[in-house]
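Chains as they are written, first to last, in full-length UniProt numbering: chain Z, 1 to 256; chain E, 1 to 66.
In short, the hints are calculated from the structure, not lab data.
Virtual Cβ for every residue (Gly too), placed ideally from N, Cα, C.
Errors might be hidden in some of the hints.
[To be verified] Ranges of calculated distance between the beta carbons of each label pair, as one might list FRET restraints:
1. Z/Pro156 x E/Arg24: 32 to 40 Å
2. E/His41 x Z/Ser52: 16 to 24 Å
3. E/Gln25 x Z/Asn123: 47 to 55 Å
[Said to hold, decoys possible] Chain E is faced by these chain Z residues, among others (derived, beta-carbon under 10 Å):
4. Ile61
5. Ile65
6. Pro69
7. Arg82
8. Thr83
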Amino acid sequence: MSEETDLLTIGGHTFTSRFILGSGKYSYDLIDSAINQAKAQIITMALRRTDSAEENILNYIPEGITILPNTSGSTNAEEAIRTARLARELSGSNFIKLEVVPDKKYLMPDNNETVKATEVLANEGFIVMPYVLPDLNIARQLVDAGAATVMPLAAPIGTNKGLATKDLIQILIDEIDVPIIIDAGIGRPSEAAAAMEMGADAIMANTSMATAKNIPLMAEAFRLAVEAGRKAYLAGPGRVIEHGAVASSPLTGLSK
Amino acid sequence: MVTVNGEPQAQAAGQDILTFLQARQAPIDNLVVELNGTIIHRPEYEQTLIKPDDKLELISFVGGGR
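Only chain E is shown next, with the shape it has when bound in the complex:
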């Protein structure tokens, strides 16, 4: 089962990362994607397919001091 930020997301399997992010309305300009512990650079989104047991982390900047 694909997990995204710790939540199961079965339907993500088979999609490329760009399509997945667009469907999720993710803030692309404030987003870093980590796939199974490896950072996926933006130009690689379209050619990177999500596999059935992948672990995806989507990370953004938020307000925070220390």
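Isolated chain Z, as found in the complex:
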């Protein structure tokens, strides 16, 4: 399958890239090269009170990149809905990465509040991309509420711990019809590849690049891993033999 035909579709918008970037915790000067090396088409950013002394991040985002505002900082549905409305006014687009995180220690999302906010925002025409703990029943409720994707965490935000929730994510991949985008905890390209091989539709990463020594190089490494994992998924990975072994060479015609 060529890149042009293997498209990621979110709320009616199509993308060839399956790697979504964050913009936190690194210099705005590196955003352009990170996006280029990642070949990313979507970048997420947060909303905060305006500080006139701070640089305008929008000056650092290349043309044609889709801005995916997030509701980080929201601790309940009401706050997230307000932030989403402010974000739409700012971005002029309906994309919203919905994050409802009351817990300060582990940054665990509140799945129930997330469903509530999804319902309100989807009814207002938002393309809602909710961040959740991977739970099949919640994912079904999100889809019923109008979510465009489900974004399960692989591990707590910012930890780089990898696919800690692997088996639960696999259930979502198998049972949920909207794109499953792995959102937090992916620390290394190998983990991104593994998630894509499992059938995840896309990977979102921020900290794993922001904490790398060479951010653009790590962005490239992630891009290659996401592409490799996607191709492996489409190719259909071969079977696993639990016991014994199976020779790859002919067992006849041996010269002794």
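Starting from the structure of chain Z, add chain E where the hints point.
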């Protein structure tokens, strides 16, 4: 007393939003204004006057992952 992003800003009272933002050198292209909980659209800045007890929130995009 007018508050802007939680800080008292007595001198803002009586100004229209556009004049206030320009004086503050706010980044107009990366800015959403909320007045007493209601979003004020850009074309309305000039005709919207700030009243003495208004609560103004100025919000912008910043770098942030999750």
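**OP:** Provide an ascending list of the numbers of those earlier hints which the structure does not satisfy.
**Re:** 3 and 5
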